[in-house]
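Chains as they are written, first to last, in my numbering: chain A, 2 to 261; chain B, 236 to 619; chain C, 49 to 447.
Among the clues, some could well be false.
Calculated pairs, PhoX-like style, for lysine-lysine (alpha carbon to alpha carbon, straight line, at most 25 Å) [stated by the list, open to error]: (1) A:192 to B:343; (2) B:278 to A:192; (3) B:258 to A:198; (4) B:372 to B:425; (5) C:119 to C:297; (6) C:99 to A:228; (7) C:129 to A:157; (8) C:339 to B:258.
From the derived model, a few chain A residues whose C-beta atoms are all more than 10 Å from chain C [unchecked claim]: (9) 34; (10) 51; (11) 56; (12) 68; (13) 80; (14) 160; (15) 168; (16) 200; (17) 201; (18) 211.
I should point out that these hints are in silico values taken from the structure, not numbers from a laboratory. It should be emphasised that the depicted structure is a prediction, and the values quoted were computed from it without experimental measurement. C-beta: ideal position from N, C-alpha, C; glycine also.
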Amino acid sequence: MNIIVCIKQVPNTTDVRIDPATNTLIRDGVESVINPFDAYAIEEAVRLRERCGGKVTAVTMGPPQAETALKEAISLGCDDAVLVSDRKFAGSDTWATSYTLAAAIRKLEGFDVILCGKQASDGDTAQVGPGISAHLDIPQVTYVKKICEINDKLAKVERMTEEGYDVLETPLPCLFTVVKEINTPRMPSMKGLMRAKAAKITKFTAADLDADPAALGLDGSPTRVVKIFTPEPRKGGEMIAGSVSDVAKELAELLKGEVI
Amino acid sequence: MDYLITEQQTMMRDLARKIAQEKIKPVAAHYDETEEFAWPIMKILADSDLFGVYIPEKYGGLGGGILDMCLVTEELSRACGGIALGYAGTGLGTLPILLHGSEEQKLKYLPDIAKGKRLAAFCLTEAEAGSDAGSIKTTARKEGDKYILNGTKQWITNAGEAEIYTVIAITDKTKGIRGASAFIVEKGTKGMEFGKKEKKMGIRASATREVIFTDCEIPAANLLSKEGMGFIVALKTLDTSRPGVAAQAVGIAQGALDHALDYARTRVQFGAPISSFQAIQHMLADMGTQLEAARALTYATARMADSGAKAMSKDSAMAKLFASDMAMKVTTDAVQILAGYGYMRDYPVEKYMRDAKITQIYEGTNQIQRNVIAANMLKEAHKN
Amino acid sequence: MASIKILLDKCTGCTLCVKSCPFGAIHMAERKAVIDMAKCTLCGACAEACKFAAIELEKAGGPAKDLSAYKDVWVFCEQKKGVIQSISFELLGEGRKLADKLGVKLCAVLLGGGMEDAAEKLGERGADKVYLVDHPALKAYQDEPYTAVLVKLVEEFKPEVILCGASTIGRSLISRVAIKTSAGLTADCTGLDIDEKERLLLQTRPAFGGNIMATIIAPDHRPQMATVRHKVMKEAPVQPGRTAEIVSKAYPEETFASRTRLLNVVEELTSTVNISEADIIVSGGRGMGGKENFALLEELAKVLGGAVGASRSAVDADWIPYSHQVGQTGKTVCPKLYIACGISGQIQHLIGMQSSKVIVAINKDPDAPIFKIATYGIVGDVNELVPALTREFRRVLNK
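Chain A with its partners taken away, still in its complex shape (with noise of 0.2 Å):
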């Protein structure tokens, strides 16, 4: 089976602070790290092919230094890696960024799994995983929570939902993009480090990829950010002190009216 899982390197969201003299994001001394929820969906690969054999490859499109992220994919357990990187690509929003890997997927020897993270941790958006398979034209399944049956040409998945979970099959070739919810990922290993050391990471330019060139980058993209400012930092409010029965009355006559 070949699996394919997408990720991508975001700033670590525990680290980033706002100056509050300037009211800008301090990046300084942010760690890179692999998104939260693409770390699920490199586990469920990766458990895919203990489970069903063949090859995990994570793909990625960023800047150079992207590369750590797919090391680290590799010491998590996937077998190869490619970055997708170059200047062109700059200035891409969900609709480029999921035109770009999409072509880039097309690009390698046929998948029957793609696996994408809910949604990325910077950007919130989710749609890059569903853009794939719609740029793909394959099946997809989001916010999946279990893949329960999986062979050669079909997989039956949980999807989760606001109430609770759809149970769907669906054929191969599919994309899935995957809560938290479906495991717990693995720690890296020795040998796994090791091997992400020594490896050659693949690597696709613009020019590598069967893609239209106005599709690309800032040109290929729809939307455009005109304002990026800081919210009003939310306010710590008034401290009710007092014995445990004080307290609730207090809170209880506050919240009266307003709220309840």
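Chains B and C: place on chain A using the hints.
Same frame as chain A, now just chains B and C:
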């Protein structure tokens, strides 16, 4: 301090640190409370290949040595000295095979240990043979191509959980300590049973039980080295493993110091963080310095072991002695810095203090270490 | 290919652009701005910030598409088991404002099976027109038929704006539709407005877990599509008797084909309502001390008619299922009242709940970060305070 470890050692230290931080730290209090054996963590360590760091590549390991084992033990202990012992205790149980096993024995046991599929344990201590290990009573009687073991080993780390036991037993009562031999016994062998799990002051996540042999038959092929070599095997094993205890002590102390530093910077009294008071600063400075000195001695001794040094009883005793006394002091001071909070079980620091205590006791009490050190010093002086 | 450059003669070295760059890609050298192209993503924030028009962001010009044919504001009305979801009414409320600003019609789009009566009712929620596609295959949501139908509707009727809930269904569907129709799509908006001069939808959304806000447009593509976060916009009021024109469309059978098959819909009935829909959430963290104490939260939630949420550490400790998790790896919620019990307030948790209207925090640690964002903070033991609150609210609410 930069100890100039290799790239691979840096990688394994960082991996052990990541596992300790992300997987062990959040559950340390739970296992301390319940005294359960942390199998889920052992599984993670197994999958990460860390059980194999000191085992040669030929047997499925990563080809490192005692320093590698120390680096991992230290990082795991920084999060929980008890859980770390499941790892370190396996190292102790494995060393007799690594150091004295035949090629056949190594091929049979080491690959599973390297993969973390089976844990190991070392069985020396008995009720009446603690510091005086020479008075062990467990016997191994040869009958044809079998040995029959009888006796009870006490306070055995990993007992009941481990599958591979290296056991010191007397094969010839007439020869005193020269009549001891070392054996490999697999869990499940008929006549091998475990006592109830001991309740301990610290390292409560580790399993400590009696191992009871009642006409326990093992194949003669399970004899390690030769008959009569049991004490040499035991001493050599302990000489090599003591840097591991030192590393555990260093890790426990570091974990406590981490908390103390964190707390000192955020705890405000008299309108200022307590870290701004010289009384606290000097305590922190002493803790940091003593810790670093212990670490340096530990790594130096581990490197000595890896260089193939023949006689290192004195050096490894020094490392274990110094590091464990340091750990007791640093963890006690960490509790002092957190003061009332430090004494409460809701905060993790008192656990470090309880965990540190065992490092002054096991694998030879620190009084025995001092005997060993002094005896070696005097012997050297006499030679010169 | 698109490019960005600093016009050196115009740059005054004021450093506004340096501060505006969310990617840290601009620094000053000899009092002029310099862009590090390795870090720049051409987001355009600096060009917007520059007061001297010294930053030029050029996009390779394609043949301009004729956008004048696109009219009307559409709202995709999500239904489950034939019931129109409340998010749809929120979108109709917001869509009404946008349509009025643009001087166009507000149209509801309803896909389902046996939805005629429900379609009629949408007029009362402010829709001028309802596009209804009624077919048994559309009874329950499925990606492919829904995408195919919506794409056909868009191609035929050419809306200017499409709004859709940022729900499981909305996000899965609209992402595919945007690709197929080459439309611009902005996810999870919390603010919408119209640039009346350019007839552009101004879409504001949080990024980096709410640490920054970005306003996004799609200048050269139609329709302009956005998914909108639940509970942010006000529901359209019911105007009894108001009617809408119903446009029923039928399509050839193959339009409804789906490669995936929906086998079963499972509703997990936990004691309390689902947290994305709840107006009040009582949430517990590690400070609850154990699984058994979550019963206290359930009681409080029951009295308040709310749902029970949890922090990641409580979920990781198996005290409550993952479906209750609020935060970065869980759900983003914005109820009217969020009561955080024994939750310290790690940034990953705050990301998921800091837009709640009123936040009450109960924690024994007075320095817990949660107090920095709480409307009301109480230092104390959750196991004493929560039952006391339950009693008090029960009294106040006469339950």
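Quick rundown of the hints versus the structure:
1. A:192 to B:343: Distance ~22 Å between residue 192 of chain A and residue 343 of chain B Cα, so the pair holds.
2. B:278 to A:192: Roughly 16 Å separates the two Cα atoms, so the pair holds.
3. B:258 to A:198: Since the Cα atoms of residue 258 of chain B and residue 198 of chain A sit roughly 24 Å apart, the hinted pair holds (cutoff 25 Å).
4. B:372 to B:425: Holds - the C-alpha atoms of residue 425 of chain B and residue 372 of chain B are around 20 Å apart, at most 25 Å.
5. C:119 to C:297: Within the cut-off at roughly 19 Å; holds.
6. C:99 to A:228: 13 Å, holds
7. C:129 to A:157: 22 Å, holds
8. C:339 to B:258: Distance of about 20 Å is within 25 Å: holds.
9. 34: 12 Å, holds
10. 51: 23 Å, holds
11. 56: The assertion about residue 56 of chain A holds, with a minimum of 24 Å to chain C.
12. 68: Given a closest Cβ separation of 13 Å, the condition holds.
13. 80: The claim holds: residue 80 of chain A sits with its nearest Cβ about 26 Å from chain C, beyond 10 Å.
14. 160: Non-interface label fails for residue 160 of chain A: nearest chain C Cβ at 8 Å, not farther than 10 Å.
15. 168: At about 4 Å from chain C, residue 168 of chain A fails to clear the 10 Å cut-off, so the statement is violated.
16. 200: Its Cβ never comes within 10 Å of chain C, the nearest being 23 Å, so this holds.
17. 201: Answer for residue 201 of chain A: holds, closest chain C Cβ roughly 22 Å.
18. 211: 17 Å, holds
Of the numbered hints given earlier, the model fails hints 14 and 15; all others are met.
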